[in-house]
Amino acid sequence: QKEVEQNSGPLSVPEGAIASLNCTYSDRGSQSFFWYRQYSGKSPELIMFIYSNGDKEDGRFTAQLNKASQYVSLLIRDSQPSDSATYLCAASDSWGKLQFGAGTQVVVTP
Amino acid sequence: DARVTQTPRHKVTEMGQEVTMRCQPILGHNTVFWYRQTMMQGLELLAYFRNRAPLDDSGMPKDRFSAEMPDATLATLKIQPSEPRDSAVYFCASGPRLARYNEQFFGPGTRLTVL
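Protein chains in written order, with this note's numbering: chain A, 473 to 582; chain B, 530 to 644.
Think of the hints as simulated: they come from the structure by calculation, not from any bench.
Positions of the beta carbon are idealized from the N, C-alpha and C atoms, including for glycine.
A couple of the hints might just be wrong.
With a straight-line Cα cutoff of 20 Å, these simulated SDA-like cross-link-like pairs (lysine to any residue) come out [said to hold, decoys possible]:
#1 A:LYS514 to B:GLN609
#2 A:LYS514 to B:ALA617
#3 A:LYS514 to B:ARG532
#4 A:LYS569 to B:GLY588
#5 A:LYS539 to B:GLU632
#6 A:LYS539 to A:GLY568
#7 A:LYS569 to B:ASN580
#8 A:LYS569 to B:GLN570
#9 A:LYS474 to B:SER587
Computed far set for chain B versus chain A, every beta-carbon distance over 12 Å [said to hold, decoys possible]:
#10 VAL541
#11 THR542
#12 VAL548
#13 THR549
#14 GLY557
#15 ARG581
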């Protein structure tokens, strides 16, 4: 059973602080990794993907991948109330199928 | 702008009725995925297609669900007969033809309620 695990939260973050989200995956054959943001009642929105070990930065978001530890993380710098959402981690196999985690709810407090 | 579209956005039906959901992938995308999302199970992959050919539908209850892609601009998911446990949000996602990293883009979803 291929699994992607995330803490469900809620993760409460003061406005302006850094939100740190973690994800682990069980399938060592996973090729690439994705972070989706999902607002309540809306569809998942792709915000970042990463496929090589190390860090990848895009604006206020940084994704980190450690394949040896089977660990993916997402940092959100200067958190804003608009960042309050559920963040879904996903791992892709070689066929392009995504396995999603249950999501971490982030609440940014003013 | 390029988006996945889904119809209907909301559907309320009675148990035993047939439900058909439609998806138009982003123009030029050649992979299409159907997901179901519930509070209890999260996002589950039901079926997916590449170049209109079904590649995997192992996540789909075969006795009542069927997925097809009659042409490159239309994917359908059908439930017959529907049951209350099918109540969920059904998402379609599509991926680019030259996707190197298997990224997928989601449509707005169809919220299905079976009474």
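Do the hints match the structure? See the list:
no.: 1; hint: A:LYS514 to B:GLN609; in the structure: 26 Å, violated
no.: 2; hint: A:LYS514 to B:ALA617; in the structure: 13 Å, holds
no.: 3; hint: A:LYS514 to B:ARG532; in the structure: 14 Å, holds
no.: 4; hint: A:LYS569 to B:GLY588; in the structure: 12 Å, holds
no.: 5; hint: A:LYS539 to B:GLU632; in the structure: 19 Å, holds
no.: 6; hint: A:LYS539 to A:GLY568; in the structure: 18 Å, holds
no.: 7; hint: A:LYS569 to B:ASN580; in the structure: 15 Å, holds
no.: 8; hint: A:LYS569 to B:GLN570; in the structure: 17 Å, holds
no.: 9; hint: A:LYS474 to B:SER587; in the structure: 14 Å, holds
no.: 10; hint: VAL541; in the structure: 16 Å, holds
no.: 11; hint: THR542; in the structure: 20 Å, holds
no.: 12; hint: VAL548; in the structure: 19 Å, holds
no.: 13; hint: THR549; in the structure: 19 Å, holds
no.: 14; hint: GLY557; in the structure: 16 Å, holds
no.: 15; hint: ARG581; in the structure: 15 Å, holds
Comparing the model with each numbered hint stated earlier shows that hint 1 is the single one that does not hold.
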